[in-house]
Structure formats: C-alpha cells, structure tokens
Amino acid sequence: MSDHPSTYVPKTGIEKWLDSRLPIVRLAYDSFVDYPTPKNLNYWWTFGGILSVCLAVQIITGIILAMHYTPHIDYAFNSVERIMRDVNYGWLIRYVHANGASMFFFAVYVHMLRGLYYGSYKAPREVLWILGCIIFFLMIATAFMGYVLPWGQMSFHGAVVITNLIGSIPVIGTPILTWLQGGFAVDQATLNRFFSLHYLLPFVIAGVVILHIWALHVSGQNNPAGVEIKSKEDTVPFTPYATVKDGVAIIAFLFLFSVFVFFMPNSLGHADNYIQANPLVTPAHIVPEWYLLTFYAILRAIPDKFLGVVAMFGAIAVIFALPWLDTSKVKSMRYRPVMRWFFVIFVVVCLGLGWCGAQLPDAQVIPGFPSFNLIDGQLNSYLWLTRLFTLYYFAFFLFIMPWIGLKEDPLPVPASISEAVLAEHNKKKG
Amino acid sequence: MKSLKTIGLKTVGALIAATVMASAVPALAAGGAQHAHEPKEGFSFTGPFGTYDQAQLQRGYKVYREVCAACHSMNLLSFRNLGEKDGPFYDPKFKNPNDNPVVKQIASEFEVADIDSETGDAITRKATTSDRFPAPFPNTAAAAASNGGAVPPDLSVITKARHGGASYVYSLLTGYKAPPAGLKIAEGQHYNPYFPGDLTSAWSGDHKHVPAGGVLAMAPPLSAGQVTFDDGRESTLSHQAADVAAFLEWAGEPKATLRKKTGVAVLAYLLLFFGLTYASYRMVWRGKH
Ligand code: HEM
Chain A
1 MSDHPSTYVP KTGIEKWLDS RLPIVRLAYD SFVDYPTPKN LNYWWTFGGI LSVCLAVQII
61 TGIILAMHYT PHIDYAFNSV ERIMRDVNYG WLIRYVHANG ASMFFFAVYV HMLRGLYYGS
121 YKAPREVLWI LGCIIFFLMI ATAFMGYVLP WGQMSFHGAV VITNLIGSIP VIGTPILTWL
181 QGGFAVDQAT LNRFFSLHYL LPFVIAGVVI LHIWALHVSG QNNPAGVEIK SKEDTVPFTP
241 YATVKDGVAI IAFLFLFSVF VFFMPNSLGH ADNYIQANPL VTPAHIVPEW YLLTFYAILR
301 AIPDKFLGVV AMFGAIAVIF ALPWLDTSKV KSMRYRPVMR WFFVIFVVVC LGLGWCGAQL
361 PDAQVIPGFP SFNLIDGQLN SYLWLTRLFT LYYFAFFLFI MPWIGLKEDP LPVPASISEA
421 VLAEHNKKKG
Chain B
1 MKSLKTIGLK TVGALIAATV MASAVPALAA GGAQHAHEPK EGFSFTGPFG TYDQAQLQRG
61 YKVYREVCAA CHSMNLLSFR NLGEKDGPFY DPKFKNPNDN PVVKQIASEF EVADIDSETG
121 DAITRKATTS DRFPAPFPNT AAAAASNGGA VPPDLSVITK ARHGGASYVY SLLTGYKAPP
181 AGLKIAEGQH YNPYFPGDLT SAWSGDHKHV PAGGVLAMAP PLSAGQVTFD DGRESTLSHQ
241 AADVAAFLEW AGEPKATLRK KTGVAVLAYL LLFFGLTYAS YRMVWRGKH
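Top line first, the protein sequences correspond to chains A and B.
Under the UniProt record's numbering, residues 1 to 430 are what the first sequence spells out, in order.
Under the UniProt record's numbering, residues 1 to 289 are what the second sequence spells out, in order.
Hints in this document: simulated from the structure, not taken from any laboratory.
Using N, Cα and C, we set each Cβ at its ideal position, and we do this for glycine too.
One thing to keep in mind: the hints can contain errors.
One side of the interface only, derived from the structure: several residues of chain B facing chain A at Cβ under 7 Å [said to hold, decoys possible]:
(1) 160
(2) 163
(3) 267
(4) 284
The whole structure should be built from the sequences, with the hints applied where relevant.
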C-alpha cells in the first residue's frame with residue numbers, strides 16, 4: 001500500500017551505496033517481502049502468482065523455440081517438427097509452450113472470475129482491473145498469432161477466417177485487411193509479421209503486468225470479505241505467508257500442467273494442425289483453440305458478419321466497463337445472496353458458449369427433439385442455444401449487474417477482515 | 001465459504017471437462033464414420049507407461065517399406081532415425097545411429113538424387129544414414145496423376161494428424177468392406193466405414209440410414225500373406241496393419257517413451273515438492289487462520 005512506509009534497512013555497505021542511487025532492492029523488499037497482504041486470502045488469490053509463472057514459462061520456451069523455428073510458409077511446419085525430433089529436448093520445449101498457452105488461459109479465466117465474484121474491480125481498483133483486461137486482450141492476440149506459426153491446416157484457415165472478419169468492416173475494412181495481411185491473402189508476409197508480433201507482444205504483456213502489479217500495490221489487495229484493510233491486525237507480511245501459499249498453488253498447478261505436457265500433449269490441440277497448411281483444401285470444420293471458443297460462439301451467434309465482429313469485441317469491451325456497471329455497495333458476492341446465483345449462471349453460460357463454439361450451428365442440441373423454424377434456423381439447434389447464451393452474457397453485464405445492485409438486500413458485511421476471520425473460525429468450531 | 005468452495009471446485013471440474021469434451025467434439029462432427037478401434041491384442045504404447053515394442057516396429061517398417069512406400073512419402077524421417085533410442089533398429093552398442101550397421105545397410109539399399117560436386121552434373125548415389133527417406137513421386141502432381149487424382153498424404157505424422165491416431169490407421173487398413181447395396185461408388189474409389197466422409201449424395205436407400213464412413217482413392221493396400229515377417233509372426237491382415245500402425249505411431253512421436261519416462265520423474269518430484277511446501281505452509285500459517 002502506498003501509505004505503508006518502507007521498512008527496508010540496507011545492511012551492507014554495497015546495499016547502502018546502491019540504495020541511495022537506485023533503491024531497487026528497497027522496491028523488491030517492500031513489494032515482495034514486507035508488503036502487507038490481507039490474512040484471509042483463499043486459494044483463488046494464488047492465480048496471480050500462477051499467471052506470472054505462466055508468462056515466464058511462455059517467454060523462456062518461446063525464445064528457445066524462436067532459435068529453431070523458420071517463419072517461412074514452405075518450412076515452418078517442418079521446422080516445428082524438426083524441433084520435436086532433432087533439437088535436444090525440443091519436444092519438451094514445444095509441448096510446454098503449446099500446452100502452456102492453454103494453461104495460461106485456464107489460469108486467467110479463473111483469475112478473472114475470482115475478480116468478478118469478489119468485486120475486485122470496484123473502487124479503488126478500476127485501473128487495476130482495466131490493466132488486467134488489457135493483458136487479457138493482448139493474450140488473445142498473442143495466442144492467435146502463435147497458433148498460426150506452425151502453419152498447419154487449422155493455423156492457416158483459422159487465420160483466414162479471423163483476418164477476414166476485419167474485411168467485414170464497412171468502407172475501411174478491405175484496405176485494413178490488405179494492410180494487416182501484407183497482401184491480398186494470408187501468405188508469407190502474414191506469417192512473417194505474425195511471428196514478429198508474436199515475439200513482441202509477450203514483452204508488451206510483461207510491461208502491462210508491471211503496471212498491473214504497481215496499481216495493485218497502490219490500492220492493496222481485495223479479499224474474500226470485500227472490506228478494505230483497516231489495521232495491521234488485518235494483514236500478514238507477503239513473505240513468508242503469501243510466498244509459501246502461492247508456492248503450494250504453483251506446484252499443484254505445475255502438476256496439472258505436467259500431466260498434459262508429458263502424457264497427453266496433443267489432447268488440447270486439433271489433429272488437423274498436424275497437416276501442413278494447404279490453401280486449396282479447407283478443413284471440414286474450422287474451430288479455434290478451446291480458450292477462444294466462447295468469443296467465437298458470440299461471433300457466430302449474430303447473422304450479420306460485421307455485427308458479429310462488433311458483438312465479439314463488445315463481449316470483451318463490457319469487461320472493461322464492469323467497474324461502472326456494477327451499482328452494488330458491497331464488493332464480495334459472499335454477502336450478495338441474489339447476485340451470486342446470477343454469477344453461477346454466468347459461469348455456466350460462458351462454458352456453454354465454449355461448448356457451442358465447437359459445434360456446427362445447424363446441429364441439433366437434443367437429437368430428434370421436435371422443433372420448428374424460427375427466423376433463420378431451427379429452434380432446437382446450436383444456433384439458437386448460442387443466441388440464448390449470448391443474450392445472457394450481455395444481459396449479465398448491461399442489465400443484471402446495474403439492476404440487482406440497486407434492488408438486492410445484501411447480508412451484513414463484517415466490520416473488518418479480522419472480524420470476518422474470527423466469525424469463520426467460530427463457525428468452523430460450530 | 002463451504003458452498004463457494006464446492007461451487008468453485010465444480011467450476012474448475014466443469015472447465016476441465018468442457019475442455020476435454022470440446023477437443024473431442026470435432027471427431028463427432030467430422031462425419032458419421034465408424035469409431036476407430038485398436039487391434040484385439042492392443043497396442044503396447046498406449047497409457048502413461050506404454051512403450052514401443054521394438055520387434056513390432058521392425059515388422060512395421062518392413063510393411064511400410066514393401067507396401068506403403070510405393071505411394072506414401074515420409075519426408076520427416078531420415079534413415080538414422082531408425083537407429084535412434086526407442087527406434088526400430090536401435091542397438092545399445094551403437095549410441096550414434098550413424099554407426100549402426102543395420103541402419104547403414106538399410107540406407108545403402110536406396111538411391112538418392114545428388115549433384116556431382118566436381119562437375120555439377122545431376123547424379124544418383126547410394127543413400128547414407130543422414131539422408132531422408134526418398135519420396136515415391138517427384139512432386140504432388142505426379143503423385144496425383146498416378147493415384148486417380150488423389151495425393152497419398154505424407155505419413156510422417158499421420159497418427160497425430162487423424163483423430164484416433166494409430167487405432168484409426170489400423171481400423172482404416174482392416175476396415176474395407178463391400179459397399180452396402182444402394183451406395184454408388186465411383187470408378188477408382190473404395191468404400192471404408194472408418195474413413196470420415198458424408199455419403200448422403202451417393203446413397204439411394206433410406207435417407208435416415210446413410211451408411212457410416214466414406215470413400216477414398218486408396219485401394220485396400222494390405223492382404224493376408226502379403227509381407228513375410230522375418231520373426232515368423234503369422235502374416236495376417238490384422239498383424240500387418242497393427243505393425244505398420246505401430247511403426248507410424250513411432251514415426252510421429254519418436255520421443256514418446258522418453259517423454260513419458262521424464263513425466264513420471266517430474267510428477268514424482270512435484271509431488272514430493274508439494275508435500276514439503278504444504279508442510280511448510282501449515283507451519284508458517286499456524287495460529288494465523
Ligand atoms: C503471452 C505469452 C505467449 C503465448 C500465450 C503464446 C502462445 C503460442 C501458441 C498458442 C503457439 C502455437 C503452439 C502450437 O500449436 O505449436 C505458439 C507458438 C510459438 N511461439 Fe508463442 N506464446 C507466447 C510467448 C512467446 C514468446 C515470448 C516467443 C518468442 C520469444 C514465442 C515464440 C513462439 C514460436 C517460435 C512458436 C512456433 C513454434 C510452435 O508452434 O511450437 N512465444 N505460441
């Protein structure tokens with residue numbers, strides 16, 4: 001916290017010398033050792049640390065991959081396979097990087113839902129929240145461009161579908177599309193610039209992460225009770241308390257990560273991406289990676305291509321606006337008996353959208369169930385299920401959030417973190 | 001708190017389940033093909049501890065070499081790969097596969113194109129262990145022209161490029177059947193219930209019961225007795241198909257055994273580390289909860 005005075009005392013001569021010139025050790029000490037954290041944080045708060053590990057893992061494995069990868073349409077596919085065969089432990093580096101992207105998104109979704117549930121976006125943490133949203137957006141861009149690099153069938157045709165969306169913007173769409181692709185089609189120029197940007201963006205993300213943590217340390221952490229820190233009794237120092245707890249969670253996370261990398265490294269990917277890109281053969285079913293399916297579903301829910309693009313970006317934009325859409329005075333949904341149910345439905349809807357994103361829109365949801373044609377499709381089809389979910393997705397932010405906040409009678413909120421901890425302690429004892 | 005924890009756990013569980021399911025979905029959507037299955041005796045390499053059966057890989061290589069190589073390239077493989085750890089002709093006496101006499105012998109049976117470095121003339125020479133498997137056709141146009149317009153796909157990573165992997169290859173090779181009455185099969189095409197496709201337009205029977213599978217340009221490449229196995233294994237269709245499928249699985253994931261062994265060690269280490277860290281956590285936090 002900004003009003004938390006520094007307690008760092010340089011001991012050795014060299015530390016004193018450095019401290020009066022560049023107080024970097026002081027910064028690290030104040031941020032990661034002495035920094036006061038609420039003492040009631042649960043395991044959902046460990047995902048920030050997990051995400052930092054994910055970013056570091058992607059950058060390290062990515063740099064090694066880039067030493068062996070060839071960004072050329074004729075060689076990219078084979079160069080990735082060569083990494084797996086001929087580079088020492090190349091299979092490990094590549095599988096860690098490819099599965100690492102999935103792990104990264106899994107962690108970021110948990111992290112964001114945590115924020116949503118405990119109201120971590122509310123004052124004074126609006127800027128912190130927006131910085132997080134920027135990171136999320138950059139991650140999507142990075143992962144999308146990374147997925148193009150191995151130049152498999154899904155890489156290529158996915159890139160065609162997604163870049164062409166830009167072409168649907170009226171008037172300026174086509175020139176922007178040509179400029180982005182570096183030509184009139186997804187080709188060598190596209191691959192080469194995607195590689196360049198895929199290398200660049202993670203470092204931009206790292207920069208925004210620093211701002212994110214800075215903002216965090218100004219406002220202080222939120223906590224499951226959703227009440228601000230009032231006294232020293234409410235906190236414990238970051239080290240050893242948070243470090244050891246984050247450590248436990250990170251190791252558990254790495255365990256899950258390793259199960260994928262070592263025992264099912266291709267289970268999250270798509271078989272078609274092991275076929276070298278061929279512009280003349282379009283795969284029967286083009287789907288993005290699982291972590292983008294929710295947004296892909298929203299895109300396809302709208303019959304007009306351009307409006308679909310607007311909806312897809314809108315689905316991300318509303319997350320940015322969340323601090324001003326929630327009208328409740330209470331942060332934590334623990335004390336919001338009505339809102340928490342809408343939250344649970346929201347999580348189910350997001351998963352449902354992800355599910356729908358992988359289906360053919362015309363396919364029946366309940367096979368054989370009688371249905372009728374509604375406007376442009378059967379009611380019993382993924383098209384209409386996706387639309388229903390999309391409607392809830394937007395209603396949740398634009399209507400339910402502001403409205404329930406005003407109407408709901410929240411439960412009594414504890415006076416302080418210490419009191420919340422005590423109450424829970426007593427409840428546990430019975 | 002308790003209820004949130006259960007909700008949270010359920011959410012995470014659902015996320016994982018949805019992920020696994022979502023990755024399996026396209027398999028269903030790809031068309032009404034019959035589900036691929038393993039050979040009766042199973043594959044030795046499935047499961048977290050599965051490893052390749054070297055004798056099977058050797059037989060599988062023979063099937064590839066004598067049958068499939070007439071049409072299918074394996075561009076990512078070099079002869080030396082055959083003698084690498086966990087490969088078909090690995091011999092612990094020759095850590096460097098380029099010294100392995102069996103591998104050298106196999107390579108020398110092939111001629112490859114080269115340029116004479118003195119004269120610049122195009123020549124052919126005996127292959128060496130570092131050469132790649134020669135492709136049967138000079139380019140895709142030639143490959144298509146010889147195969148009724150269809151290009152036989154490169155088989156280097158075919159088990160990773162198809163849902164069902166080695167089981168799919170096995171099922172495809174053993175699954176050819178006479179087309180059911182009412183299914184029109186074009187000249188040069190062959191019906192196979194495991195090949196993903198949509199036969200609706202070729203089907204004149206009951207439109208609710210379109211046969212599973214599709215048609216492909218590859219005639220059944222294997223039949224009983226076609227390849228003589230050096231180790232005396234009976235040369236049934238199923239044996240040949242299982243062996244070549246295993247060989248292709250190895251070709252696609254030559255490092256799978258090392259990967260799984262490393263994985264077991266990594267998980268054991270993480271488990272231990274987790275225990276220690278968790279114990280420290282309990283100690284550090286004692287009295288703070
Ligand atoms: C935010 C962090 C990052 C994310 C989310 C990410 C994501 C991805 C994804 C999804 C792929 C495709 C994986 C596949 O199926 O093969 C990929 C490939 C690749 N990435 Fe990254 N990446 C990140 C950081 C980096 C960095 C920092 C570098 C380089 C310095 C890098 C270099 C590469 C290379 C060379 C490939 C192609 C090789 C391959 O496909 O395995 N990545 N990345």
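Results for each hint:
no. : hint : in the structure
1   : 160  : holds (4 Å)
2   : 163  : holds (5 Å)
3   : 267  : holds (6 Å)
4   : 284  : holds (5 Å)
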